[in-house]
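Starting from the known structure of chain A, fit chain B onto it as the hints suggest.
If you want the building blocks of each chain, they are given just below.
Number of protein chains: 2
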Amino acid sequence: MKAPYYAVIFTNQRTEEDHGYSEMARKMEDLARQQPGFVDFERARGEIGISVSYWKSLQDIADWKANTDRLFAQEKGKSEWYAWYKVRICFVEREYGFSK
Amino acid sequence: MKAPYYAVIFTNQRTEEDHGYSEMARKMEDLARQQPGFVDFERARGEIGISVSYWKSLQDIADWKANTDRLFAQEKGKSEWYAWYKVRICFVEREYGFSK
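These protein sequence lines map, in sequence, to chains A and B.
Just so we're aligned: the first sequence equals residues 6 to 105 in the working numbering.
Just so we're aligned: the second sequence equals residues 6 to 105 in the working numbering.
One chain only, chain A, in its complex shape:
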């Protein structure tokens, strides 16, 4: 997709134990992919985890947040999964790339 669109950068530090985290992370990504306005989802984990989801509009992001908040409430909750996290809502102004 060509810019402009939106990105949600979710950076986090996990807690030691799993507490059903992997299952929840899969659900969160599935929720995103099924939702209107979804563009893409990328994730990687080293010392910290970074997930970036891309969306057509801020309203799509608000809707996704409402869904993930419900998921967090149903499940054990963020304080068992994360030592810390940070969410940044961004407007993608420009993009370029390289591919073999």
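Keep in mind the hints are simulated off the structure, nothing from the lab.
No copy labels: a pair is met if it fits in one copy or bridges any two.
Straight-line C-alpha distance at most 16 Å; calculated EDC-like pairs for lysine to aspartate or glutamate:
1) Lys105 to Glu21
2) Lys7 to Asp45
3) Lys70 to Asp35
4) Lys105 to Glu85
Chain B in isolation, oriented as in the chain A frame:
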């Protein structure tokens, strides 16, 4: 740092061999950290790699790009390190977080 500021999301797929990649990646991060306007740098790698650098202004990003382009030119070059990559220049509109 409180928003607004800028983010560069660099998503990539590595090639099989190292070709001096680790050394170059360290240099790129060092260059960023020494540069005016630098805010933060986060990175993680799983099946793909995601690095996000944060900057005070678009001009800071342009300056950093000029420096990394020089680095790429000096070194073996991007086609030996990456199967593909994508760069997204973003305006961070809003942020929130959680910390234990």
